[in-house]
Every structure is written in structure tokens, then in C-alpha cells.
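Assemble chain A with the ligands onto chain W, guided by the hints.
Protein chains: 2
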Amino acid sequence: MLEKQLQKYAQLAVRVGVNIQPGQTLFINAPLPSAPLVREIAKKAYEAGAKHVHVEWSDEEITYIKFKHAPEEALHEYPTWLAKGREEVAEKGGAFLSIYAPNPDLLKDIDPARVAAATKAASMALQHYRSRLMADHNCWSLIAVPTPAWAKKVFPNMDEDEAIAKLWDVIFQVTRVDQDDPIDAWKAHNEKLARIVDYLNNKQYKQLIYDGPGTNLTVALPDGHIWAGGAAKSTDGIVFNPNMPTEEVFTMPHKDGTNGVVRNTKPLNYGGNIIDGFTLTFKDGKVVDFTAEVGYDTLKHLLDTDEGARRLGEIALVPHRSPISQSNLVFYNTLFDENAASHLALGKAYPTNIEGGTNMRTEELLERGANDSLVHEDFMIGSHELNVDGITKDGVREPIMRNGEWAISI
Amino acid sequence: MLEKQLQKYAQLAVRVGVNIQPGQTLFINAPLPSAPLVREIAKKAYEAGAKHVHVEWSDEEITYIKFKHAPEEALHEYPTWLAKGREEVAEKGGAFLSIYAPNPDLLKDIDPARVAAATKAASMALQHYRSRLMADHNCWSLIAVPTPAWAKKVFPNMDEDEAIAKLWDVIFQVTRVDQDDPIDAWKAHNEKLARIVDYLNNKQYKQLIYDGPGTNLTVALPDGHIWAGGAAKSTDGIVFNPNMPTEEVFTMPHKDGTNGVVRNTKPLNYGGNIIDGFTLTFKDGKVVDFTAEVGYDTLKHLLDTDEGARRLGEIALVPHRSPISQSNLVFYNTLFDENAASHLALGKAYPTNIEGGTNMRTEELLERGANDSLVHEDFMIGSHELNVDGITKDGVREPIMRNGEWAISI
Ligand SMILES: [Zn+2]
Ligand SMILES: [Zn+2]
Ligand SMILES: [Zn+2]
Ligand SMILES: [Zn+2]
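Top to bottom, those sequences are chains W and A. Residue numbers for the first sequence follow our numbering, beginning at 1 and rising by one. Residue numbers for the second sequence follow our numbering, beginning at 1 and rising by one.
Isolated chain W, as found in the complex (with noise of 0.2 Å):
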């Protein structure tokens, strides 16, 4: 039966997640513990018409003894090679497909001023193969696989094998892995998510106006924004589908343009370290004051990045009642809680939510209100007490949200 599922869960990533093209090289992300989905990706990947299936593993207990016990130099260091074998591949037209799966846990007990050091050092060499990614200058996808940390931190009261096989019911059902036609329900929901991407592009607001419990924030958005949501083409024309699952609407905000306070309402585990309760103060699209219960000093480590990680790069919106919240889980896992709640991001803009972006130099980018950073981290804000009203070139002010839930008619 898991098999089965397996099979099309991979068939999926292959087809929908990246759209493998003939001739082309997939790069895959994964954990050890994703190894049984791997091997079918590889399988649907060749009979794709593949050329090459590189499999980069990574290993979170290797990973823990790095941060434990390697010295502090080694953590300032990302291997060139490394990052230039990413970098070869993209330009070669490679797609690439990341098995996401982090143990909130994992880090707890490490210096965060160390995690920091080499989340850094990471983003510093990716960048350029990362700033390829976010133009879509090549096809990538984000699949999540359960884990026995992962599963035991959403089920915690479960046993693991209990908890993996929970998780991979939920992964199933909320990327449609569970449906006859898994390719055909995405084809539907692509277009609906496509429906609201008109709407709002049409309406082209100027400002969206979010409140809510600890939240009343302003956010301006720049002349050409381009919402975004589903199924997204490469700049070679192919279609894919870069999370699985997707629920959200998204935007690039103006990167000077945001005032007012926001407050998280979902835990953000960034990088293996949970970050709570916490709120952002805005004055001028900077981050000018923070809070947090959990996390505190991770939170100011990653706002402490470099400049941009302290400006806005990205506003989602999801509906309250969106399959994944229905769950009622909280996953501790980005790809999941994002597309549960309505979210913004700190750091780096993808260049593809204004017009022209994904062909113009960071200079002219900046010019034009799209912020640039290391980081580019989703937090969520979403709620069924969450409001968001836009207001438009004229000056008036509609409902978007109310609820949590879709005020427009689409």
C-alpha cells in the first residue's frame, strides 16, 4: 500500500514538481530516512527521459555532531566545490528536487551564535545558485517525507512508527497523493489558485492592511507587483510546481514600505531552532524592535544576517480554512505551517513578483522596492482572527480577508 503511494508520490514530484524534460539532470536534496521515495524518483525520473539523477544525501545526526563538536572555524566555511557543483548543474539546465524533513529539535542545545555562523557561511556560497532558483531560471520543487523526529514532534503522543505513518497520511492527502489522479487534481488546483492570482493582479492595490490579535500592519506594494500562486513557468517556458503541497497567493512587498507591528501564530523552526511568540516592530519597512518568548537569540541572529534580513521580501496570503490548517497539526516544518496560515517573509524577494524582475541586476531590483538578503524565511501570521484589506491606486479600501477567510468574489 505505502508503496503504491510512494510510486505516485513520485510520480508526482517528477511530473508536476519539476516537469522533468528529456535530456535534463536532476539534482535531489534528501535525507537519509527519504531513501525508498528517492529510489522510485530516480526510477520516474529516467523513465522521464532524465539524463543524469544526482542524489546529494545529508544526514541530520552528522549534521548535530558537526554543530556539537566541530571548531568554530569550520562553521565560517562552506566547501567551494560544493556550491559550485550546484552551481554547474543549474546552469546546465538541471532541475532541482529538495527533500525537506528538519527536526525542529535538532539544534536546540547548539550556540545559536554558531548555527548563525554557518547558516551564513551556507547562504554566502549559494547565493548565486539560489538567486538562479528564486528567477526560475531553473525548475525546483520542495516535497516533504515524514522522519521518526519529524513525526514524533507533530504526534508526540504516538509511537514512531505509529506517528511516521500518521504523517504520511497527512502528506498524502494535502498533495493529493491520496486522490485517483493526483496530476489531474493539481491541474484543478492550479487553476483555481490562478483565479485568485488574476483577481488580485488586476486590482494592482498600492497597500494591504492587515489586523489581528498583536498584529496592525501597513505594507505598500511596488509599482508591477506580480502575484504568483501554484504552478510557475521557468524562464525556459517549462511549468512546475516549486511546493508540494501550495496553498498560498504571494507577492513581493515594497522592500521600504511596510510600518506597524506584526505577531507570529505559528512557531517558526528556523534551521533546526524553534523561534515563538514573538513580535516584529516596522518603521519604514525595517524591522525596528522584536520580541520573542522562544528563540529570542535565534531570532536576532537571523535578523542580524545582513541588511535585507531585517526588510519583508515576500507576503502570502491562505485562507484559514485551507486543507493543511484544517489538520488542526502544527508541523514545525516550513513547507507545511506556511500554507496553513497567511505568512510574510524576511530577506531576499523573488524576482519574479514584479515585472521584468527575473532580467534585472540586484541594483536595479533594489530600485525598484524588491529587498535583497542571504535569507529569504517564511513566518506565519495567518488566523481565523485575521483581517486584510487592500487599498487601491484611488485610494479606497476593500476586503481581501475577513476571518481568515477570502472576501472577494472569484
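Think of the hints as simulated: they come from the structure by calculation, not from any bench. C-beta atoms are modelled at their ideal positions from N, C-alpha and C, and glycine is treated no differently. Don't take every hint at face value.
As the list claims (entries may be wrong) - Here are the in silico distance ranges between beta carbons for each label pair:
{"hint": "1", "chain 1": "W", "residue 1": "A188", "chain 2": "A", "residue 2": "D109", "range": "55 to 65 Å"}
{"hint": "2", "chain 1": "A", "residue 1": "K187", "chain 2": "W", "residue 2": "D304", "range": "43 to 53 Å"}
{"hint": "3", "chain 1": "A", "residue 1": "E363", "chain 2": "W", "residue 2": "M124", "range": "38 to 48 Å"}
{"hint": "4", "chain 1": "W", "residue 1": "M124", "chain 2": "A", "residue 2": "E307", "range": "45 to 55 Å"}
{"hint": "5", "chain 1": "W", "residue 1": "D304", "chain 2": "A", "residue 2": "G49", "range": "27 to 37 Å"}
{"hint": "6", "chain 1": "A", "residue 1": "G237", "chain 2": "W", "residue 2": "D304", "range": "41 to 51 Å"}
Claimed, not checked - Derived lysine-lysine pairs resembling DSS-like cross-links, with alpha carbons at most 30 Å apart:
{"hint": "7", "chain 1": "A", "residue 1": "K203", "chain 2": "A", "residue 2": "K286"}
{"hint": "8", "chain 1": "A", "residue 1": "K300", "chain 2": "W", "residue 2": "K92"}
{"hint": "9", "chain 1": "W", "residue 1": "K51", "chain 2": "A", "residue 2": "K68"}
{"hint": "10", "chain 1": "A", "residue 1": "K393", "chain 2": "W", "residue 2": "K66"}
{"hint": "11", "chain 1": "W", "residue 1": "K43", "chain 2": "A", "residue 2": "K108"}
{"hint": "12", "chain 1": "W", "residue 1": "K66", "chain 2": "A", "residue 2": "K108"}
{"hint": "13", "chain 1": "W", "residue 1": "K51", "chain 2": "A", "residue 2": "K300"}
{"hint": "14", "chain 1": "A", "residue 1": "K84", "chain 2": "W", "residue 2": "K66"}
{"hint": "15", "chain 1": "A", "residue 1": "K108", "chain 2": "W", "residue 2": "K84"}
{"hint": "16", "chain 1": "A", "residue 1": "K68", "chain 2": "W", "residue 2": "K4"}
{"hint": "17", "chain 1": "W", "residue 1": "K68", "chain 2": "A", "residue 2": "K43"}
{"hint": "18", "chain 1": "W", "residue 1": "K203", "chain 2": "W", "residue 2": "K43"}
{"hint": "19", "chain 1": "A", "residue 1": "K108", "chain 2": "W", "residue 2": "K4"}
{"hint": "20", "chain 1": "W", "residue 1": "K51", "chain 2": "A", "residue 2": "K84"}
{"hint": "21", "chain 1": "W", "residue 1": "K192", "chain 2": "W", "residue 2": "K203"}
{"hint": "22", "chain 1": "W", "residue 1": "K120", "chain 2": "A", "residue 2": "K286"}
{"hint": "23", "chain 1": "A", "residue 1": "K51", "chain 2": "W", "residue 2": "K84"}
{"hint": "24", "chain 1": "A", "residue 1": "K108", "chain 2": "W", "residue 2": "K51"}
{"hint": "25", "chain 1": "W", "residue 1": "K84", "chain 2": "A", "residue 2": "K84"}
{"hint": "26", "chain 1": "W", "residue 1": "K66", "chain 2": "A", "residue 2": "K4"}
{"hint": "27", "chain 1": "W", "residue 1": "K120", "chain 2": "A", "residue 2": "K92"}
What the hints assert, rightly or not - One-sided excerpt, in silico: chain W residues whose CB lies under 10 Å from chain A:
{"hint": "28", "residue": "G49"}
{"hint": "29", "residue": "D59"}
{"hint": "30", "residue": "K68"}
{"hint": "31", "residue": "V89"}
{"hint": "32", "residue": "I196"}
{"hint": "33", "residue": "Y199"}
{"hint": "34", "residue": "N202"}
Quick look at chain A with the ligands alone, frame taken from chain W:
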């Protein structure tokens, strides 16, 4: 119990195998099932002062899927960046630990031409890296772990868990991990091998003569040949152990000086295919005729890799009563089988086996009689029926081995 043994094994690999020095990078090649050992090795390596520990994982099922499904042209390519990565680590003085656990039957239904193409592509891409290691410019070591497929091949009548446990026992025994102080035991073992090495180096035989069932071979040794065995010393002066276990003493033959016929005594697992019951006929150093009861095509592809693949690059002597041999098992794993029997190797010679060799260019090495090739493949010819004689420079014939045992007094 296993955990404690794993820790001792890890410590041995780090301290005696690659002998990690402070500030070094340790690069580990590891199959997925070796994860528990690799984690212990990473801990011990950081304890010993390693700066970075990088693990390059491999999965034999992914390898099989590639050979089964990838397009033909893909098999002729090896990722440049992956080869460059090893070179970068090597040039910066890194140490290399390979965990070796090949599945003898992995590729038995794959066309040998496909396997040969991929093997050659990898050898070409990794040529610079492998040359560095064969000249001991970096510390390197090869150790083994049981995998389900390998364990079942060695112990076909046991169930999987029992076979794995039994194979661990054998590994711990032959690597001396079962002794109270394995590091001390290796010191004593290396001293014993050094006495044989000294004896043979003092003799400077000009020829060896092999005599056994199906074997009648004369091998010329080049002037200034060096016998080696046990611990090696890197060009930076670090003592390390390239193979664990190791029971051999070895030197290089003159590439043009082998004549006669030789028959193998144990099956050879060449990249996932078995070659067995084979004979090679040499004339002036070159294989001019060959037969094989099993794996004829695989042997043909090996011999056809390049000019040097038809000539010998190593001759090694192992007493028949070596600890590994006494287990009376066939391991289908060259690391074990070569240390259970006298053997020869087709292909590249170790530059360390001739005076001044590690500073010579390929042309000079060839001139001195050292063979060069993309391959270096050991095959076993020892048994309780093998006799080996040496011919001194004065033409005196002296016994070296009788009935597979040392006939020299050391
Ligand atoms: Zn988002
Ligand atoms: Zn985002
Ligand atoms: Zn050997
Ligand atoms: Zn050898």
C-alpha cells in the same frame, strides 16, 4: 556491545587508518547502511582535531537504477564538479576514508559494456585524485562494513540479521577491534610486516617465479623496486594504514617483464560483476590470451580499458595461513580476499614501490618499468599449493614461499 565495538572500530579508522591531524578535512565515502559507523567516525575525527568531516554517501540501489535506466550517453559522463571536489580536498591536504561494501551481485543483469563505460568515465575523471592517493600525497584508508547483500553472499545459509552479525564478528576479528588495545595490536602487526619488507628489500630479487595449479609465471622486478606492507608514510610524513585489514607485502613488477600463465584462486568482484575460473597468458609483460569460466565479457572490458590494463602494476605476497584466509570464507570483496591470498594487480603501479617514484612524472615512471593505467585491479592467485621463488642478481634461485607459507626466516 555492537555500539562499543563500533566506537573502537571508528577510533581505529581515525587514528590508525587515516591518522587525522589537527585542522585536516576528512572526506568519507560511505554507503547508506554504514551510517551508524560513519557517525562514530565523525565524532572521533573531530575529537582528533579534524576541521571538516564531509560524507559522500552512496546508495547501491540508486547505482543499480542508473545502470538499468539511464540513457547510454549518461554512462560515459562523470560529474566534473564531483571529481573537482575530491581534488580540492586532496590539494588542501585532506584525508580520505572509504567504506567499502560492494554487493557482488549488484550489476549481474546489466550489460558489461554499460558498466565498463561508467567505470572508465569515473576513472578518467578521478585520475588526478587517484594518482595523488596512490603516491601517498594524502593519507587514505579503506575499511569495510557489512551490508545485507554482502553478508548474505558470504553466509548464504544464515538469515539476514544473523549474517550481518557474523560478518561484523569477522571484521572485528581481522581488524583486531576484538583485542583489548587494537591500536597496540596494529603497532605489533605493522612491525611484523616491516620485518618481511626489510628482508625482501635487502634481497632485491631480479625475478620471482610462481608455480601452482594452472600457474607458471615469471615476473621481472625493476631496479630499485621497493617492497611495502602495513603502515605507509605520506609525503608530509604522516604514518597511516591504507587498508584495514592488511596482511600483504607488495611491490611493483617491471611492466614488460612478465611471462607465462596464471590462474586465479578466488572469484574477483569487479565493480558489481564476478569474474572467476580465469587464466591470463603473458608475453613480455602483456596479456596476449585469456579465458574465463564466469564473467568473460567483464574481464574482456577490464583488459580493454587501455594499454596498461593488460599489464601488471602490483605483485603481493600473503601467507595462506593469514587470519583472513583461516576463516575459510570467500568474501567477494577485494579488501578481504586480497588479504587472504597472494595476488597480482592489473593496471597502474604504486609510485611508492620504486625509489624516488613519488616525485617522478608518468613518462619517467614508465621508463623505469612502472605500469600506468586508468585501472588498478587486484586478483587472487594464492593457495596452499602456491610456491614462489626469487632469483637474485647473481642468478641464485631461493625459495620465498612453499605450499602457500613463508619459506624465509625472519
Ligand atoms: Zn510563501
Ligand atoms: Zn517564502
Ligand atoms: Zn595488494
Ligand atoms: Zn592493489
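Going through the hints against the structure:
Between A188 (chain W) and D109 (chain A) the beta carbon distance is about 42 Å. The supplied range of 55 to 65 Å is therefore violated. Between K187 (chain A) and D304 (chain W) the beta carbon distance is about 51 Å. The supplied range of 43 to 53 Å therefore holds. At about 43 Å, the CB distance of E363 (chain A) to M124 (chain W) agrees with the hint of 38 to 48 Å. A C-beta distance of roughly 46 Å is found between M124 (chain W) and E307 (chain A), which places it inside the suggested range of 45 to 55 Å.
Checking the proposed 27 to 37 Å range against D304 (chain W) and G49 (chain A) shows it holds: the Cβ atoms sit about 30 Å from each other. Separated by about 44 Å at the C-beta atoms, G237 (chain A) and D304 (chain W) satisfy the suggested range of 41 to 51 Å. Of the pairs offered as hints, the one joining K203 (chain A) and K286 (chain A) holds, with about 26 Å between alpha carbons and a cut-off of 30 Å not exceeded. Between K300 (chain A) and K92 (chain W) the CA atoms are separated by roughly 35 Å; this puts the pair beyond 30 Å, and the hint is violated.
This hinted pair checks out: K51 (chain W) and K68 (chain A) have alpha carbons roughly 12 Å apart, not beyond 30 Å. With a CA separation close to 56 Å, the supplied pair K393 (chain A) and K66 (chain W) exceeds the 30 Å bound. Taking the CA atoms of K43 (chain W) and K108 (chain A), the gap is near 19 Å; set against the 30 Å cutoff, the hint holds. A threshold of 30 Å between alpha carbons decides the hint, and for K66 (chain W) with K108 (chain A) the separation of about 39 Å lies outside it, so the pair is violated.
This hinted pair checks out: K51 (chain W) and K300 (chain A) have alpha carbons roughly 27 Å apart, not beyond 30 Å. Restraint check: the Cα-Cα separation between K84 (chain A) and K66 (chain W) comes to about 23 Å, which is no more than 30 Å; the hinted pair holds. Between K108 (chain A) and K84 (chain W) the alpha-carbon distance is near 35 Å, which puts this suggested pair outside the 30 Å criterion. Proximity of K68 (chain A) to K4 (chain W) is assessed by CA-CA distance (about 21 Å); at most 30 Å being required, the pair is judged to hold.
Our distance criterion of 30 Å between C-alpha atoms is met by K68 (chain W) and K43 (chain A), whose separation comes to about 9 Å. In summary, the hint linking K203 (chain W) to K43 (chain W) is not supported, as the alpha carbons are separated by about 44 Å, beyond the 30 Å threshold. A hinted pair counts as satisfied when its Cα atoms are at most 30 Å apart, and K108 (chain A) with K4 (chain W) qualifies at roughly 27 Å. Note on K51 (chain W) and K84 (chain A): the hinted pairing holds, with a Cα-Cα distance of about 21 Å set against a maximum of 30 Å.
Distance restraint check for K192 (chain W) and K203 (chain W): the Cα-Cα separation of roughly 18 Å lies within the 30 Å cut-off, and the hinted pair is therefore satisfied. Taking the CA atoms of K120 (chain W) and K286 (chain A), the gap is about 56 Å. The hint is violated against a cut of 30 Å. As the CA atoms of K51 (chain A) and K84 (chain W) are separated by approximately 21 Å, the hinted pair is consistent with the 30 Å bound. At most 30 Å may separate the alpha-carbon atoms for a hinted pair to count; K108 (chain A) and K51 (chain W) meet this at roughly 22 Å.
Under the criterion of a C-alpha separation no larger than 30 Å, the hint pairing K84 (chain W) with K84 (chain A) is consistent with the structure, at around 10 Å. For a cut-off of 30 Å, the pair hint linking K66 (chain W) to K4 (chain A) stands: about 21 Å separates their Cα positions. For the proposed pair K120 (chain W) and K92 (chain A), the alpha carbon gap of about 23 Å is at most 30 Å, so the pair holds. At about 8 Å, the closest approach between the beta carbon of G49 (chain W) and any beta carbon in chain A falls short of 10 Å, and the interface hint on this residue holds.
For the restraint placing D59 (chain W) at the interface with chain A, the shortest Cβ-Cβ distance is roughly 6 Å, inside the 10 Å limit, so the hint holds. Of the supplied interface hints, the one on K68 (chain W) holds, with its beta-carbon coming within about 8 Å of a beta-carbon of chain A, less than 10 Å. With its C-beta approaching chain A no nearer than about 8 Å, V89 (chain W) sits inside the 10 Å limit, and its interface hint holds. Annotation: I196 (chain W) was flagged as interfacial toward chain A, and the flag is violated, the nearest CB pair being 39 Å apart, outside 10 Å.
Annotation: Y199 (chain W) was flagged as interfacial toward chain A, and the flag is violated, the nearest CB pair being 44 Å apart, outside 10 Å. Hint status for N202 (chain W) relative to chain A: violated, with the closest Cβ pair at about 45 Å, above 10 Å.
Hints 1, 8, 10, 12, 15, 18, 22, 32, 33, 34 from the list above are not met by this structure, while the remaining hints are.
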